[in-house]
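J.: Protein chains in written order, with this note's numbering: chain A, 1281 to 1783; chain B, 66 to 579.
Worth flagging that the hints you see were computed from the coordinates, not collected in a lab.
Only a predicted model underlies this, so the values are computations on that prediction, with no experimental measurement involved.
The reader is advised that the hints may include incorrect statements.
Just a few of them, taken from the derived set where beta-carbon distance is under 7 Å, the chain B residues facing chain A [what the hints assert, rightly or not]:
(1) Arg163
(2) Val193
(3) Asp369
(4) Pro383
Below, a list of computed lysine-lysine pairs in the DSBU-like style, where the Cα atoms sit at most 35 Å apart [what the hints assert, rightly or not]:
(5) B:Lys315 to B:Lys287
(6) B:Lys254 to A:Lys1670
(7) B:Lys220 to A:Lys1646
(8) B:Lys537 to B:Lys555
(9) B:Lys173 to B:Lys315
(10) B:Lys173 to A:Lys1646
(11) A:Lys1646 to B:Lys555
(12) B:Lys173 to A:Lys1670
(13) B:Lys220 to B:Lys315
(14) B:Lys472 to B:Lys444
(15) B:Lys472 to B:Lys555
(16) B:Lys444 to B:Lys315
(17) B:Lys444 to A:Lys1670
(18) A:Lys1685 to A:Lys1646
(19) B:Lys472 to B:Lys542
(20) B:Lys220 to B:Lys254
(21) B:Lys555 to B:Lys486
(22) B:Lys287 to B:Lys537
Label-pair ranges, simulated between beta-carbon atoms [claimed, not checked]:
(23) A:Pro1389 to B:Thr222: 18 to 28 Å
(24) A:His1520 to B:Gly280: 35 to 45 Å
(25) A:Val1583 to B:Pro111: 16 to 26 Å
By construction, the Cβ of each residue, glycine as well, lies at the ideal position given by its N, Cα and C atoms.
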Amino acid sequence: MPTSPIDADLIRQSATVLAAAIAAGEVSSREVVQAHLDRIGEVDEAVHAFLHVTAHEALETADTVDAKRAAGDPLGPLAGVPLALKDVLAMRGVPTTCGSRILEGWRPPYDATVVERLRDADVVILGKTNMDEFAMGSSTEHSAFGPTRNPWDLERIPGGSGGGSAAAVAAFEAPLAVGTDTGGSIRQPAAVTGTVGVKPTYGGVSRYGLVALASSLDQAGPCARTVLDAAHLHAVIAGHDPRDSTSIDAAVPDVIAAAQRGDVRGMRVGLVRQLDGEGYAPGVRQRFAEAVEILTHLGAEIVEVDCPHFEYALGAYYLILPSEASSNLARFDGMRYGLRAGDGSDASVESVMSATREAGFGAEVKRRIMLGTYALSSGYYDAYYGQAQKVRTLIRRDFDAAFDKADVLISPTAPTTAFRLGEKLDDPLAMYLNDIATIPVNLAGNAAMSLPIGLSPDDGLPVGLQIMAPAMADDRLYRAGAAVEGALYDRWGHLLIEEAPAL
Amino acid sequence: MSASTASTKPTSPVPFDEALTRYEPVLGLEVHVELGTESKMFCACPTAFGAEPNTQVCPVCLALPGTLPVINSIAVESIIRMGLALNCTIVEWCRMARKNYFYPDMPKNYQISQYDEPICVDGYLDVVVPLPDGEGTTTVRVGIERVHLEEDTGKLTHAGGATGRIHGADYSLVDYNRAGIPLVEIVTKPITDTGALAPAVAKAYVAELRDIMRGLGVSDVKMEEGSLRCDANVSLNRPGDEWGTRTETKNVNSLRSVERAVRSEIERQAGVLDAGGRITQETRHFHEDTGVTTPGRSKEQAEDYRYFPEPDLVPIAPDAAWVEQLRATIPEQPSIRRARLAQDWGIGAFEMESLVNAGVLQLVETSVEEGVEPDAARKWWAGELLRVANERGVEPQDLPVAPGDIKRVEELIAAGTINDKLARSVFDGIISGEGDADAVVAARGLTVVSDDSALLAAIEQALVDQPDVAEKIRGGKVAAAGAIVGAVMKATRGQADAGKVRTLLLDHLGVAEG
């Protein structure tokens, strides 16, 4: 893997290289952070990855790290390295909007566990990134604050919901970002921006402070430009948290060692029959086929696996997610924080709640709240939510059976490359179909990664490879991901992201 | 909200006894008990009653975006013990559920509760119900449908307007201190075939529940502070008919109100039915002042709470061995214990009730176990010691009086060393930290004057001092002897045996006891 000299452009360095250089005193955290703030100043008007830049706090933190280093104090593993935080994670005193008007003016009085761990690791948070409102979407067009644009082509979407985090990393505004993935919101943006994104095992990273979309599906994870960088960030944010009852009380798999090892010899790699073929763009399929060849060449054993219930995943997902969301989003009522609309001396509580939600939520959020409210209604519960939970069990069994035959499973991350802004905005179903390959993992709760495997010959835009691993075997993602990444680097002589046009 | 035919056409209640000649009542009681855990159901906030509004809150119980609940294991332990005390089955696996509805006293706009998977199911409670006109008691078995865990809501105060109710208020204030306090809901199976005893059964059931919770130490069960709340479901049907439509009466804030509310609702429903009306399924409010219920929220269009399993919490799966350990900690059911003790001590239900009400039953029992005679233990704990405790503003059990002290005082009385009056002084000394009974007797010089000559001298002096009284006694007015006895007791600073003084006085004057 590349180890460029540190005197090169700071913003193009990997987090691993930056951390080592800062630790060695070759460069200060302030210089690194300032370089990224400058980059944000130059390109973010066009990209719009950030909703809020915490420049002052970032530089202060950088200075603290530099002072600690000068004093010989112990430093965290990613000390002084800047990071962009998806605006769905609570950060004390900093606006947290979830891409929604309804949280206007709210500044959390507490830190999410992920934020606490980043602070403990001496990571420098540059600001909050744009997202589809309450993480509902696959394009970031549903942000109340305007869309983020894909650094590869500003007329195209950066994926969603975490388009801001992926675009910030792809546009060299930050070497690392934290995203959240409910149905593909880390992986699909990674695929369409030529970056790496990981959805850890459900329960692997604490959800405390992650504003819930769908509690049983949400999971925070790393966004980066290299597999090893993602592993370093994964190691920092993962681990048991007593404040999240669904957090797994077990050791975090050694993802860093796996990424460093990067070898698939003897690994059984399963091709999921249901996640290929119809609906997948030819250019996507071509790059995917090449990735399979690379894995074979690297010594992996390719097997075909059948996951017959995956075809019901999208339907189940669009019952479970809206159901949970309709309940999770009930608290946004103008009574305690955020937007309050329709207030007046003779306004009733009900009318203020109603006016606030009418004014504060966007169309997609309202659509899903209505879907979920309906699905949970008395008389419909068994037919919708109940059935969807059964499908979920069947999908989990499909995975169990597939992992009997294979150590990891692979598929294209998304059926297409980045589509144009506005192209699917009026067709929710087409938008939902973009997550067809990523959703099964969220339903089953296991782990998955997306990494870039080249540009589609159709349109010259990045294509992503999805690698899926069993629950708590996240290390396998990094082992296989680093192997593919290394082989492609050897072939191209650079990372794919280096081919992105200048902004 | 549209008013129903039944409530627009006011009907007169039917007198209770008459109502029972035509209708059979069916009861269902839902009791909410606030657990006395140190911290709330899903966060570490304290649960103390009466703190300044919104001072016992944190991001979790305010449900700030991103926060998550973590279940209080003490609350789980408490409810399992409650379920065991109510003879319930403790399920092997269950989940919390979200009950969704919008209301500003609930920061999440859903309540974490239990729906179709309660943790304790299918129990019963035998309650002792007094029969009318003091004809003894009867035991009624009340079936327990379920006992489940949930969280309390915050508290709204409606300001302005005349009623203090939400309608007509100018604005409302909300206090979230109570939001998230662990709450246990105990739901009975329908209670049938109680006839005219229905109100008394309801009261006895709630009283027994209260005593059980107190015995388990899981709640302070103070109805006036809302840590025990009862909703009474009542319906009437003609004998042989299907059960009638029920109403749910809330705001029942004392044991007496439980009885009155059920009674009043039976009378009201009988009036409606007699007039050919229809009972509206609704929530009603009980008014302590007037003793009647008035309609609240109509439940004709039942609210859809859209229950689903709480995805932020993992299932509760109590280990069977643990449940058995907890079973071993369940004390004897209070009514059974009281009946046993009353028999052992040879006292009636009334005396037993006064010990319970005075909060000294446990103290008496402990004293008896330590060898004090039951009568003596009752006399001291329900009398002098209770008085001193009240005077000092402490609970009787907090007085530094050990069973051994009572035992020794009784021995001293039996030996004639002290009398009852001096015994009070002995207790005063013990409570004031002057040492044990013997030490106090010695230090305060508290021995009965038993020397007859000394007493006679005092008697003669008193007769000289009060010649008119002496004359009356000599004339046969024995009742006047009290004045002389009193004077002697005063002269001996209480250290004489009053009975003995009286005997000596009458002997001295040659007058026979009247």
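J.: Does each hint fit the structure? Answer for all of them.
T.: Here's how the hints hold up against the structure:
{"no.": "1", "hint": "Arg163", "result": "holds (5 Å)"}
{"no.": "2", "hint": "Val193", "result": "violated (40 Å)"}
{"no.": "3", "hint": "Asp369", "result": "holds (5 Å)"}
{"no.": "4", "hint": "Pro383", "result": "violated (16 Å)"}
{"no.": "5", "hint": "B:Lys315 to B:Lys287", "result": "holds (16 Å)"}
{"no.": "6", "hint": "B:Lys254 to A:Lys1670", "result": "holds (32 Å)"}
{"no.": "7", "hint": "B:Lys220 to A:Lys1646", "result": "holds (30 Å)"}
{"no.": "8", "hint": "B:Lys537 to B:Lys555", "result": "holds (21 Å)"}
{"no.": "9", "hint": "B:Lys173 to B:Lys315", "result": "holds (24 Å)"}
{"no.": "10", "hint": "B:Lys173 to A:Lys1646", "result": "holds (18 Å)"}
{"no.": "11", "hint": "A:Lys1646 to B:Lys555", "result": "violated (88 Å)"}
{"no.": "12", "hint": "B:Lys173 to A:Lys1670", "result": "holds (27 Å)"}
{"no.": "13", "hint": "B:Lys220 to B:Lys315", "result": "holds (16 Å)"}
{"no.": "14", "hint": "B:Lys472 to B:Lys444", "result": "holds (12 Å)"}
{"no.": "15", "hint": "B:Lys472 to B:Lys555", "result": "holds (27 Å)"}
{"no.": "16", "hint": "B:Lys444 to B:Lys315", "result": "violated (40 Å)"}
{"no.": "17", "hint": "B:Lys444 to A:Lys1670", "result": "violated (67 Å)"}
{"no.": "18", "hint": "A:Lys1685 to A:Lys1646", "result": "violated (42 Å)"}
{"no.": "19", "hint": "B:Lys472 to B:Lys542", "result": "violated (39 Å)"}
{"no.": "20", "hint": "B:Lys220 to B:Lys254", "result": "holds (29 Å)"}
{"no.": "21", "hint": "B:Lys555 to B:Lys486", "result": "holds (12 Å)"}
{"no.": "22", "hint": "B:Lys287 to B:Lys537", "result": "violated (56 Å)"}
{"no.": "23", "hint": "A:Pro1389 to B:Thr222: 18 to 28 Å", "result": "holds (24 Å)"}
{"no.": "24", "hint": "A:His1520 to B:Gly280: 35 to 45 Å", "result": "holds (38 Å)"}
{"no.": "25", "hint": "A:Val1583 to B:Pro111: 16 to 26 Å", "result": "violated (57 Å)"}
Hint compliance for this structure: hints 2, 4, 11, 16, 17, 18, 19, 22 and 25 are broken, all remaining hints hold.
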